[in-house]
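There are 2 protein chains.
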Amino acid sequence: MSLVIVGTVAFDAIETPFGKTDKILGGAATYIALAAAKLGSQANIVSVVGGDFPADHMQLLQNNKIDTRGIEIIKEGKTFFWSGRYHNDMNSRDTLITELNVLAGFNPVLPAAYQQSEFLMLGNLTPSIQKQVIEQFNKRPRLIVMDTMNFWMDSAWDDLLEVIGMVDVLTINDAEARQLSGEYALIKAARKILQMGPEFLVIKKGEHGALLFHKNEVFFAPALPLEEVFDPTGAGDTFAGGFIGYLAQSGDISFSNMKRAIIYGSAMASFTVEKFGIEGLQALNNGELENRIQRFFDMVQFDIKIK
Amino acid sequence: MSLVIVGTVAFDAIETPFGKTDKILGGAATYIALAAAKLGSQANIVSVVGGDFPADHMQLLQNNKIDTRGIEIIKEGKTFFWSGRYHNDMNSRDTLITELNVLAGFNPVLPAAYQQSEFLMLGNLTPSIQKQVIEQFNKRPRLIVMDTMNFWMDSAWDDLLEVIGMVDVLTINDAEARQLSGEYALIKAARKILQMGPEFLVIKKGEHGALLFHKNEVFFAPALPLEEVFDPTGAGDTFAGGFIGYLAQSGDISFSNMKRAIIYGSAMASFTVEKFGIEGLQALNNGELENRIQRFFDMVQFDIKIK
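Residue numbers (the working numbering), protein chains in the order written: chain A, 82 to 388; chain B, 82 to 388.
Take the hints with a grain of salt, since some may be wrong.
Same chains, same names: a pair is fine if it fits in one copy or spans any two.
As the list claims (entries may be wrong) - No farther apart than 27 Å at their CA atoms in a straight line, the calculated lysine-lysine pairs in the DSS-like style are these:
#, residue 1, residue 2
1, LYS286, LYS273
2, LYS146, LYS356
3, LYS101, LYS269
4, LYS269, LYS356
Honestly, the hints are just simulated from the structure, not real lab data. Keep in mind it's a predicted model, so treat the numbers as computed, not measured.
When you get a sec, could you build the whole thing from the sequences and use the hints?
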């Protein structure tokens, strides 16, 4: 089934302890769409870029069967640019440059061809823009997944809560779950957040895995212990793209299928962090992905006879 | 099967955001022995206390079928005393008081009655004392598990490495694994540590679970997301006691049984942190424990068909 993705398509310049890049293709929608497309979902992007966005970047997306008709090109503008430097632990980073450029005036337009999509992924963006996209659907998508971050909790609280109230799945990290709920214990935080609207909550804990909450159930997915974390940029977006991409290609939004989707998202994110930018994700083939899924499965298996 | 436990039997005074205690029964060997005894292992303690150690504390241990003949009482001395204050996040704490007292001159003596024990748990202590105990066995125990901490990496590096080279299982936390190996990626850290001697390595990550490494295999056990973390004191020792207690009562030291042992250790630790001191562990019954083991099992289950 097809999937609409709203988010940034951007230039990133990244420094890690292992090297640095010039401006490379980045942005939340890029990672989400590539991950979802790898799993066989039809990914349709809604975004905006400037006249400086190279034709070969657009071609790369299209070569992955991603529909780019919803990416507005503002010829006289410049593409959103982010630059960051990761610390030695790879868990923290400094933002060096944020140039919003064309993103500052982003007015998302849902192409008519996207109206039939049953899945909607709202990448991390201004909540009011996320809301505008939901409202452009003639018929509400079957599943809306929303990613957001602490920045909007500090700067757009009311708008954020309004959009959270409109979605089915919210994905945030553990610190953000604590900030959003005012609760330290994640199980209490989850309970409060599930009362704000979403039926499902995914709490991302980076190298410590992810938790999926639904009613009184909780599922825990570990992160694979990796030899090398080369560049964490895009890991969260790849996770989200793998998650919703798996759901969209199967058309099954049950809790048990969401568990599988979390594992697929985690596995795909593990490829992203092993290379710079989208390299790891691009090079990924099905055999490698299935091998890694098997490793996740093996890593948590134990048999126990309850007396 | 029976189990020798070397470690502190102590007084703790604890402050958390939820309350504070006067001097209560604490110490690594206390938690380890209580956890192991709950699982049906014969736990035999080697430790030292002062003349101020109350008869009812000793009775409490004995009521749990713990052999206390190896606890030397130095009448004119005072029992080891630790006092600490936990911060609001419950993950960090300040040590307020450390009075070594009789522990300063601790000269462990293995009672003849303990010689037949096939399992040995070295609680966190001066490495040279841990070594003295190993050397008092006429026949090397079948399984030696060692707990230690960063303090000994800073102050007794050579002794520490020597003892690590003598044991089968090492349990440390993630920061300590990084310090011990000089590697940031835990999978690399584990590989180096396994070359130092132990066949198995357990990396404890607190609220993020635990990893068990053996040759090229890795097992991941989550931590249960808990409603309340009331007092983390003794969580690591309870984990270790549940781990070795499970192995000792079953007599099975295979990798698959170690996985189960990790889950039992994690489940028991989750009871310890819900109350002050040993209260949670003491009150625990089999039904509650089995329920929690089932929750661990359910939390990580997913079925996936690899194409």
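Practice prompt. Find the hints from earlier in the document that the structure breaks and name them by number, from lowest to highest.
Written response: When the structure is compared with the hints, none of them turns out to be violated.
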